[in-house]
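Student: Chains as they are written, first to last, in my numbering: chain A, 53 to 554; chain B, 54 to 163.
It is worth saying that the hints were derived from the structure and are not from the lab. Being a predicted model, the structure only gives us computed values, none of them experimental. Every residue, glycine too, gets a C-beta built ideally from N, C-alpha and C. Wrong hints could be hidden among the right ones.
[What the hints assert, rightly or not] Facing chain B, according to a computed beta carbon distance under 10 Å, are these residues of chain A, among others:
hint, residue
1, 142
2, 279
3, 313
4, 314
5, 327
6, 360
7, 364
8, 366
9, 367
10, 368
11, 504
12, 505
13, 507
[To be verified] Label-pair restraints from in silico Cβ distances:
hint, chain 1, residue 1, chain 2, residue 2, range
14, A, 175, B, 106, 42 to 48 Å
15, B, 130, A, 236, 32 to 38 Å
16, A, 518, B, 72, 51 to 57 Å
17, A, 405, B, 144, 34 to 40 Å
18, A, 405, B, 145, 48 to 54 Å
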Amino acid sequence: MTQPLSLAAIVAVCVATLAIGSYGLRISRATSDFYVAGRQVTPWRNASAISGEYLSAASFLGVAGLVYSRGIDMLWFPIGYTMGYLVLLVLIAAPMRRSGAYTLADFAELRLESRRIRGLCSALVVGIGWFYLIPQLQGAGIALRQVTGWPTWVGGTVVSVVVALAVSAGGMRSITLVQAMQYWVKVTAISLPAFILLAVWRADPAAPSLDPATLWVSAGTGPGSGLYATYSTLLALCLGTMGLPHVLVRFYTNPDGRDARRTTVVVLGLLGMFYLFPPVYAALGRAYASRLPEGARTDGIVLLAPHLLLDGTSANLLSALLAGGAFAAFLSTASGLAMSVAGILDQDVARRLLPRFAGEDLPDRLGIRLATVVGLAVPLVVTWLLAPVGLASTVGLAFAVAASTFAPLLALGVWWPRLTTAGATAGLIVGSVTASLAAGATLLGFTSDDSWLALLLAQPAAWSAPLAFVVTIAVSLLTPGAIPPHTRATMARLHTPESLLT
Amino acid sequence: MSTKPTATSEAYVAVQQSPEFQSLRRKFRGFVFPATAFFLAWYFLYVLLSIFAPGFMNKHVAGNVSVGLIFGFLQFVTTFAITFMYARWANREFDPAAEALGDHLDGSAK
């Protein structure tokens, strides 16, 4: 059941990504170009890039799948994605910018004055990045299988190779260009078919009704839902966004604070506009197919929808557009994540180890290239070995780990002068161990039954994030002697508007 | 990026100790903390309603539109509106106030 049009659309998106990536090779020279695009990205382009990066497989395919299988009240899920951005903007973004740190690990080292905590943060960034990469690669596999019938490992491998080439070629500057382009590809790809399908539905006198009442399944029914699971996911989304390495770095690619704020306003507008469309696919899917065809996954409802309403070439054209958009989603999010993971592996591992094995005289950027390959190979191998659990829930686990580790570190680091190095370390360890054990158990499929334990493991954020906060605060209060010596100066720097001292 | 105390970091502390800075800081917290509390509460209310009052959320307003759908849409609108208000507030009120303070402290802090 190969659909040549869809395959062509996917190939086109991949080729465009590579072309822009290699264009970036010529324009990015300095190191700051490579990591933060020289801090010279205009708000509109940066906002498009941020949105392009943020709208992952979970948004393009997963949200519609959730609304399709659990009802329209699942809208709180995309709302939570945007809300996390707002929390990040008002509480964390400005102080982080003023700190002058490039990455979460840099910030931790600056604020807590400890190399060890830097190492811990670097390991966490890599871990969270991998957690988030897994569903992107799985999504690519699902999408490619749906349009070609090829086994799922092919899609993930294609995305990994394209991303590895684009990242190692041009770094942040070309990735920013690629992602900005991909946002508009995604919006076009999800909106145009939605309008056409809605028009088809209206024109059809025999069309089933799109009664929202039939869509409003109470959140209290079905496994994995209910008050606890809902609030847990909410907490993960609200707090987790600030701890996602590829999100925070974006606030550095603006020239100044004013532009950073303007960027965020545009981002929320762009994200809101995008999220209007996935529910349309879910609603049409519900109206036309209350049960999915054999072998199809709810995550594939977006790609399936055109075939429910139309047939022949018109259906193939629309689903080609959607398949291209979905691939743009996998590629842009995966590039941002690969960039962050590779950056950390290069800075904290490769640059220390490589000279020892290969001598001092290394070719330019060998480290970052090796780091990119390793950074993508690990999650790729994981996707070969594990069966996908559901795109939105796997992404939710990455948010949960971020909410249980970087959220306490950032929130308390920015707003609480009595934070100690011991407290932060204890909080990071407790948060990362509990949340990643729970996430690991879920990924391996230990949480399929309906017991309380399974629920607590599948949705760890509601207990692991508060636990990490409490441990951080308690240990800090118990070790008042371990307050970093320059805390006052650092805090003053974080909270003094740039305009005061420049 | 250094963690050692420098002339600049002493200047930061000096600025921070001034009463004008303290009032600037109150200004910031006075806006940001209530705004955060408001949007979190508004957001959690939507989730509470969709769990405990599905009947209310299902109520038809017109055609295919239900109360819950409007609520969901409003959530996006308010998120955007709050961000917009924050950016405007920061550009029009907070930054100028910070700049005025900067000019005022010029010479003593720099």
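Student: Any CB of chain B closer than 10 Å to the CB of residue 360 of chain A?
Tutor: 18 Å, violated
Student: Would the hint on residue 142 of chain A be counted as holding, given a Cβ-Cβ threshold of 10 Å to chain B?
Tutor: Where the cut-off is 10 Å and the nearest Cβ of chain B is about 5 Å from residue 142 of chain A, the hint holds.
Student: Holds or violated: is there a CB of chain B closer than 10 Å to the CB of residue 504 of chain A?
Tutor: 18 Å, violated
Student: Given residue 327 of chain A as an interface hint, is the shortest Cβ-Cβ distance to chain B below 10 Å?
Tutor: With a minimum Cβ separation of about 7 Å from chain B (threshold 10 Å), the hint on residue 327 of chain A holds.
Student: Can residue 279 of chain A be said to touch chain B, with a Cβ gap under 10 Å?
Tutor: 6 Å, holds
Student: Verify the interface restraint on residue 313 of chain A: the C-beta must sit less than 10 Å from at least one C-beta of chain B.
Tutor: It holds, given that the least Cβ distance between residue 313 of chain A and chain B is near 4 Å, below 10 Å.
Student: Hint validation: residue 364 of chain A versus chain B, beta carbon distance must be below 10 Å. Holds or violated?
Tutor: 28 Å, violated
Student: So, as I understand it, the hint says residue 368 of chain A touches chain B; can you test that by seeing if any CB pair is closer than 10 Å?
Tutor: Given a least distance of 28 Å, the restraint on residue 368 of chain A is violated.
Student: Mind checking the hinted window 51 to 57 Å against the Cβ distance between residue 518 of chain A and residue 72 of chain B?
Tutor: Roughly 36 Å apart at Cβ, these two residues miss the hinted range, so it is violated.
Student: Classify the hint on residue 314 of chain A as holds or violated, based on whether any CB of chain B lies nearer than 10 Å to its CB.
Tutor: This interface hint holds because 6 Å falls under the 10 Å limit.
Student: Grab the minimum C-beta distance from residue 366 of chain A to chain B and call the hint holds if it beats 10 Å, violated otherwise.
Tutor: 24 Å, violated
Student: Evaluate the given range 42 to 48 Å for the C-beta pair formed by residue 175 of chain A and residue 106 of chain B.
Tutor: Given range 42 to 48 Å: holds, Cβ gap about 44 Å.
When each numbered hint is compared with the structure, violations occur for hints 6, 7, 8, 9, 10, 11, 12, 13, 15, 16 and 17.
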